[in-house]
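Engineer: Chains A and F are the protein sequences, given in the same order. For the first sequence, our numbering begins at 4 and goes up steadily by one. For the second sequence, our numbering begins at 3 and goes up steadily by one.
Incorrect hints may have been included.
Stated by the list, open to error - Within a straight-line C-alpha distance of at most 25 Å, the following computed DSS-like cross-link-like pairs (lysine-lysine) qualify:
id, chain 1, residue 1, chain 2, residue 2
1, A, K217, A, K156
2, F, K114, A, K156
3, F, K4, F, K181
4, F, K128, A, K217
5, A, K168, F, K128
6, A, K156, A, K38
7, F, K114, A, K217
8, F, K181, F, K128
9, F, K114, F, K4
10, A, K168, A, K38
11, A, K156, A, K168
What the hints contain is simulated information worked out from the structure, not anything from laboratory work.
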Amino acid sequence: MIQEMLSYPFLVRALLGGVLVSLCAALLGVSLVLKRYSMIGDGLSHVSFGALSIAVAVGWQPLALSIPVVTVAAFLLLRLTENSRIKSDAAIAMISASSLAAGIVVTSLTTGMTTDVSSYMFGSILAMSRQDVLLSILLSGVVLSLFVFCYNKIFAVTFDENFAKATGVRVGFYNTLIAVLTAVTIVLGMRMMGAMLISSLVIFPALTAMRIFKSFCGVVICSGILSVLCFCTGIVLSYQLSTPAGASVVMVNLGVYLLFTLASRLGVRQYKGKDMEV
Amino acid sequence: MKPFIVCEHVDFGYENQDAVIDLNLTIDPGDYLCIVGANGSGKSTLIKGLLGLLAPTAGTLAVAEELRRGGIGYLPQQTAAQRDFPATVREVVLSGTLNSRKNRPFYSRAEKNLAEQGMERLGITKLQNRCYRELSGGQQQRVLIARALCATEQMLILDEPITGLDPSAIQEFYRLIRKLNQEDRITIVMVSHDIRSVISQAGKILHLQQRTLFFGPAADYAASEAGKGFLEG
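Throw the hints in and build the complete structure from the sequences for me.
Structural biologist: Dropping the structure here:
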């Protein structure tokens with residue numbers, strides 16, 4: 004069956020691009036989730052939807068418009084989160100609803116609400132183009148080298164920004180870098196996973212890994228591996244059951260999360276039992 | 003010995019609001035200085051200024067060359083996000099050795115040794131593979147001190163370190179800080195609410211209410227105007 008799947012060029016592209024994007028999303032997600040920035044992923048996907056709809060309506064290259072727009076949005080959202088005067092969760096909710104609305108209005112004024120819009124919302128397996136795959140190879144190269152060569156800095160910035168600042172780590176630089184990379188990841192993954200579902204790639208693997216692993220290193224590695232495995236399983240299931248790719252991947256992620264939660268509960272009970280015996 | 007930090011008529015502030023006004027302060031090597039004051043009196047702003055994260059808006063702030071080279075160890079207030087952070091004690095302590103001048107991607111042998119010594123010194127070597135979020139408040143505080151000591155051997159700045167500790171952990175904490183100050187000659191600058199304990203522990207007190215209400219030996223503080231008001235109020 005796998006062989007049959009691989010005979011379709013669009014499926015090969017989807018698998019390759021999807022694996023790389025979900026790997027990036029999972030790695031960046033560990034830092035975002037731990038810094039309580041989970042909502043940023045959700046906000047950015049809605050902004051990305053707005054930008055994409057406008058690009059299609061105007062007839063531009065979708066990525067050429069949405070990558071810069073979403074990057075700017077990522078900057079803005081980070082600034083909002085750092086600035087405690089504005090309640091950042093409300094601001095993110097506002098921005099994401101507005102850009103979703105803008106996208107829908109623009110689309111219905113031009114092409115009308117077609118299947119295209121629905122496929123942006125909930126994703127389409129056909130969406131990965133050759134160009135997207137190339138971009139995701141580039142992106143995952145950058146993200147992987149960031150996590151290998153600047154791993155310690157990322158740990159410091161994620162664990163304790165103030166301390167990192169005081170020891171001279173360029174905290175602003177790393178925050179911005181993570182935000183920009185997240186933006187590109189979301190734009191790339193969105194059309195396949197869907198605007199409503201892409202943020203799950205950022206959040207689920209990190210949360211799942213945290214159930215069991217107790218070191219940052221363990222969480223990062225486990226989250227990356229889980230994300231790739233869940234994505235592949237999701238795509239295979241989607242092929243067999245003819246369900247939408249994005250939703251299938253999210254369901255697999257949810258299943259693994261529940262499994263890990265159960266395992267950690269059982270583990271704790273056993274651990275406590277041992278303590279009692281001693 | 004030359005003083006570590008000298009502030010002369012220094013103002014610190016944000017945009018158009020001064021949080022600290024006309025501060026004169028000298029921190030000598032081996033000092034144990036406590037900064038007290040009500041909420042919003044400029045304590046945290048002053049800490050940022052001492053760490054070099056905020057430039058003074060007026061006056062001169064002179065930092066000794068050796069301190070600039072060796073760096074300042076910092077113990078920030080704990081954030082909610084940290085309390086359930088998946089990281090081992092070892093990972094946290096090691097992150098103290100990161101320094102702006104080193105751009106190598108991995109920790110060197112020397113840095114690992116430094117972290118091991120730090121853990122040994124604070125008696126947390128046995129905890130090194132435990133998860134930070136599973137430790138008690140007092141143990142977490144030890145981990146953070148070990149991390150700060152990896153960054154410097156000269157001066158520690160502690161921001162509200164006893165918040166959230168239980169009474170016995172607080173006593174233990176003060177003992178530890180006094181030991182670091184007296185035996186290892188590490189300069190301590192601590193921001194605290196716990197005024198009564200602070201008088202018996204610290205060498206010098208700075209009472210801040212935007213302007214300096216009191217700066218001098220801790221022994222004189224209780225008798226001063228500022229001290230009386232604060233202790234009775």
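Engineer: Look at each hint and say if it fits the structure.
Structural biologist: To see whether the hints hold, each was checked on the structure:
no.	hint	verdict
1	K217/A with K156/A	19 Å, holds
2	K114/F with K156/A	16 Å, holds
3	K4/F with K181/F	23 Å, holds
4	K128/F with K217/A	16 Å, holds
5	K168/A with K128/F	29 Å, violated
6	K156/A with K38/A	14 Å, holds
7	K114/F with K217/A	20 Å, holds
8	K181/F with K128/F	21 Å, holds
9	K114/F with K4/F	32 Å, violated
10	K168/A with K38/A	15 Å, holds
11	K156/A with K168/A	11 Å, holds
Hint compliance for this structure: hints 5 and 9 are not met, and every other hint is.
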